[in-house]
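Novice: Using the sequences and the accompanying hints, generate a full structural model.
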Amino acid sequence: MSLRQSLLAVATVTMLGFAVTPASAQTLRYANQGDLKSLDPYTLNESTTHAHLGHVYEGLIARDKDLKIIPALAESWETPEPTRWRFHLRKGVKFQNGDPFTADDVLFSADRIRKKGSNLQTRISPEIKVVKVDDYTVDFVLPSPNPILHYQWDTWYIMDKKWAEANNSIDPTPAAATTPSFASLNANGTGPFTVDSHQPGVKTVYKANPNWWRKPEHNLKEIVFTPIGSDATRVAALLSGEVDVIEPVPLQDITRVDSTPTAQVLKGPELRTIFLGMDQIRDELLYSNVKGKNPFKDIRVREAFYKTVDVELIKTRVMRGLSTPSAMMIAPQLFPLSKDFTRPKLDPDGAKKLLAEAGYPDGFEVTMDCPNDRYVNDAAICQAVVGMLARIGVKVTLLAQPKAQYFAKVLQAGGYQTSFYLLGWTPGTSDSHNVLYEILGCRDDPKSPRGQGNLGGYCNKKLDAITDKVLLETDTAKRDLLIKEGYEIAAKDFSYIPLHQQALAWGVSKKVKLTQRADNQVLLYWATKQD
Amino acid sequence: MLAFTLRRAIQAIGVMIAVGVISFSMFRFAGDPVNQIVSLDTPPAEREAVRKSLGLDDPVPVQFARYFGNAVQFKFGVSYQFRQPVSSLLAERMPATLELAICATIFAMVFGILMGVYSALKRDTVLAKIFQAVSLIGISLPTFLIGILLIYLFSVTLGWLPSFGRGDVVRLGWWTTGLLTLSGLKALILPSITLGLFQLTLIMRLVRAEMLEVLRTDYIRFARARGLTTRAIHFGHALKNTLVPVITVAGLQFGSVIAFAIITETVFQWPGMGLLFVQAVQNVDIPIMAAYLLMVSLIFVTINLVVDILYTVVDPRLRSTIRRPA
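Residue numbers (this note's numbering), protein chains in the order written: chain U, 3 to 533; chain A, 401 to 726.
Keep in mind the hints are simulated off the structure, nothing from the lab. Among these hints, one or two may not hold up.
Mimicking EDC-like on lysine to aspartate or glutamate, the simulated pairs with C-alpha atoms at most 20 Å apart in a straight line are [to be verified]:
#1 A/Lys452 with U/Asp173
#2 U/Lys293 with U/Glu244
#3 U/Lys209 with A/Asp568
#4 U/Lys223 with A/Asp568
#5 U/Lys471 with U/Asp482
#6 U/Lys411 with A/Asp457
#7 U/Lys411 with A/Asp432
#8 U/Lys317 with U/Asp349
#9 U/Lys464 with U/Glu475
#10 U/Lys449 with A/Glu448
#11 U/Lys355 with U/Asp173
#12 U/Lys411 with A/Glu448
#13 U/Lys295 with U/Asp285
#14 U/Lys205 with A/Asp568
#15 U/Lys118 with A/Glu448
#16 U/Lys117 with A/Glu448
#17 U/Lys93 with U/Asp106
#18 U/Lys118 with A/Asp708
#19 A/Lys586 with U/Asp285
#20 U/Lys205 with A/Glu492
#21 U/Lys405 with A/Asp432
Bear in mind that the values here come from a model prediction, so they are computed numbers and not experimental data.
Specialist: Next comes the structure, spelled out in C-alpha cells:
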C-alpha cells in the first residue's frame, strides 16, 4: 500500500466515522396521553401502539409523510395475475439481534398475524395463501382480486421467525392474555430504533439502531417515552422543557403553548371523521316518546336533523376553530373526488317544515348517547347539538358517559342500544371501501361482518351492491367513480350527519423539527433536534 | 385480651369480605373490558373469544366465586392492559407509593408540629396568623389544584423542580428508590408537599389545640411555679403530652395518605400504585382494580387493628370494658 493509498484509506475511514455517528446525537423525550401496552405487534390494533412499534418493526410496505405507500422490507411488488401478488424482498436487511431477514420471516409473520389471539387478523384474510418462491421472493395467492391487499400492511410488522421460536413466542400475545409473554415485553425488528428498556405505564427507552438499512433522517441517539395521562401535567412538562414532544395538546391550552418562546403546537386535520348517527332499523326507538313508529325511518326527519346541525358554529364555539367541517363520511385526504361533495345548506326553518310534513310539528323527544372522553370535546359537541335541535322543537336528552360505558352500550356487543349517537371513524385501510362496508353497509345478515360499525342500521341495497363492486375493481379511476356513486347514495339518503375532522394538536419544542402525519402517528424517526 | 384480639381480627375479615363484595359489584358498572381490549372493527366472533378467555361469559355467581377464591389465595391474575401478573405490577409500583407516602407524612409531621407549636405559643404574632391562613388553604383547596399550582410555579415559571415522574431511581433488590439520586430527590419534593399538605394542616391544628389545652392544665402551672425554664415546660412537658394524640392521628392517616396518593400520583405522573389504579379504572382493568382495593382496605384494617390493640395496652381503663363486653 502506497502512502497515497493509505492516506486515502484513513480519509475514507474518517469520513465513514462521521457518517455513522452524527455530529450531535440527541435524546428526545416524548410524552403521550396513552400508554404503550404491549410490544407484541399483533396484540392491539390501535394507532398509538402502531406508531410506537413502527420505530422498532417494519412492514413490507411503509407509508411516507403524506401517507403514500412506499417500499420498505419489500423492494418492489407486482401482480402477474389479478389474484397473485409477488413481493420482492430487500436483501441484506438484518433484525436487531443480527438474524438475517428472509422470506421465511414473512411466511412466519403472515401465519402468526392470522392466528387465534391476534387482534390484526383482518390484515391478511385467511383464504390467502402465502408461498415462498425463493429466499427473497414471496407470492400471495388470493381467492379473488383485491386492489387494496397491501393498504394496511404498513402496520403488518414483520417478526423474526428464529427469535420468536427461540423465545416461545410463535403464537401472538392475545389482548386478553392470562399469562405474560416474551414478545409483549421484548421486541426485535428491523426498524430504526431498538427497545432499550420497557416498563409498561412508566417509561420506555428506545436507542437508535446503528445497523438500520435506511439512511436515518433523524439525529437522535435515544427516545425516552413517558405516558402522562393528566392534561395539565403533560402541558407543564412541555413548557418547562422536560419533554420535547407531547401528544395531544388539549384545545384550551393551544394558545398558551403557542404564546411561549420555547414551544409550539403543530396542527392539522386528522383522518377521523366525527359524525352523528340515528337508529333507522328498529320499528320503535328505544329512547323516545314516539311510540309505535320510528321517526328516523322517515328521510324527512333525518334531513331536518342534518339541516339543523350547524357545523360552523361547532367549529368556532366548541372546537375553537380547530376542526374541518365535513360533507362526507371519509376524510377528504383519503378520497380524491371529495371536492365534489358539499354539505346541504343550514336551514332550520325548512327543517321545521320537514318535521311537520313528517308528522312531528311539535318535534319529539329522543335520548342521545355520547362519549365524554373519547374524541376532542365530544360531550361539548353533543351539548351544542342538543341546543341546535331544540330550535326545531326536538327535545334531546343527553347521556354523555365515559367511553368504557358508552361503547359497552352502543356497540354490537351491547346490542346497539342507542337511538341517536355521536361516533368517530377512521378507516383502518385508509380506503373508502372500509367506510362503505363497515359504516354504510346493511346490517341485515347477522353472520356477515358487514355494517358492524353501522350502529344505527342504515341500509340501502343499491349501495351494498356498489360496495361489492368497489372491492373487485382494480382500475383506480373507475373505482373512484364507483366509490363516489356510493357516497352520493349515502348523502342523498341523509344516512348520517357528518360533522368534522378534528384537528391534530402536537406540542413540540422549538428545538425539534418533525413531520406530522394525518393519521396521528407520532413517528420520531423523522425528527431532528438541535442542542 | 386474646378473645378481644380474635374478635377484632374476625371483624377485620368481615370488613375485607364486604370490600370484596362491594368492589366486585362495582366492576359490573365500570364498563365492558372487552371494548377496551379490541378495536372498533374487531369481528364479533373475535370479541366473543376474548370475552370467553377472560371468563366474562360465565354467570355472575361463578365469576364472583372465582374472583373470591383467587383473592383469598392472593392470586389476582393478569392485568388486561399490561399482560403482566397484577401482583408483580403492584410490587413494582409499591416502592414509589410508599416512598411518596412516607416523605409526605414526615413533611407533614415536622412542619405541622413546628407550625402548631409556634402558633400555640405565639398566638397573636403575624406569623401565627399566616400559618392559620395557610392551614385554611391546605384544608379547603383540592389536592389536584395544589399540585397544578405548584407545578406551574416551580416547574414552568421558575424551572427549579421537575413537573412529573420519579427522576432516576436506584434498584436495591426488588425495591426501587429515588432517595439516592439528586433527580430522584428533586422529583419527590413537589408531590410530597401536595400529598402532605392536608395532613400538615390537620396536625398543625391538632397540635395547636392540644398545646393550648395542655398549657392551661395544673401541672404546667406547677411546673412554672417550681421555676422550670419556659423551654423545659413547653418542649419537655407540654409538647410531649400533646404528641400522643398527634401520633395516633398521623398513624391512622397514613392509610389515607396511601389511598389519596391516587390524585397526587395522577397529577405528577408518579409511577405508583395509585396511578396504576386510575389507569386501570379508565381501561376497565378489573384484576388491578380488585387487587388495589383489597390491598388498600387491608392496609386500613391492619392499621386500625393495631391501633385498637395498642390502645388497650396503653390505656388500662379500656381493658375492664373489654372483659365484659356490653
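Novice: Could you run down the list of hints and mark each one as holding or not?
Specialist: Verification of the hints:
no.	hint	result
1	A/Lys452 with U/Asp173	holds (18 Å)
2	U/Lys293 with U/Glu244	violated (58 Å)
3	U/Lys209 with A/Asp568	holds (18 Å)
4	U/Lys223 with A/Asp568	holds (19 Å)
5	U/Lys471 with U/Asp482	holds (11 Å)
6	U/Lys411 with A/Asp457	holds (17 Å)
7	U/Lys411 with A/Asp432	holds (9 Å)
8	U/Lys317 with U/Asp349	holds (17 Å)
9	U/Lys464 with U/Glu475	holds (17 Å)
10	U/Lys449 with A/Glu448	holds (14 Å)
11	U/Lys355 with U/Asp173	violated (60 Å)
12	U/Lys411 with A/Glu448	holds (16 Å)
13	U/Lys295 with U/Asp285	holds (5 Å)
14	U/Lys205 with A/Asp568	holds (11 Å)
15	U/Lys118 with A/Glu448	holds (12 Å)
16	U/Lys117 with A/Glu448	holds (16 Å)
17	U/Lys93 with U/Asp106	holds (13 Å)
18	U/Lys118 with A/Asp708	violated (54 Å)
19	A/Lys586 with U/Asp285	violated (63 Å)
20	U/Lys205 with A/Glu492	holds (13 Å)
21	U/Lys405 with A/Asp432	holds (10 Å)
In this structure, the earlier hints numbered 2, 11, 18, 19 are contradicted, and the remaining ones agree with it.
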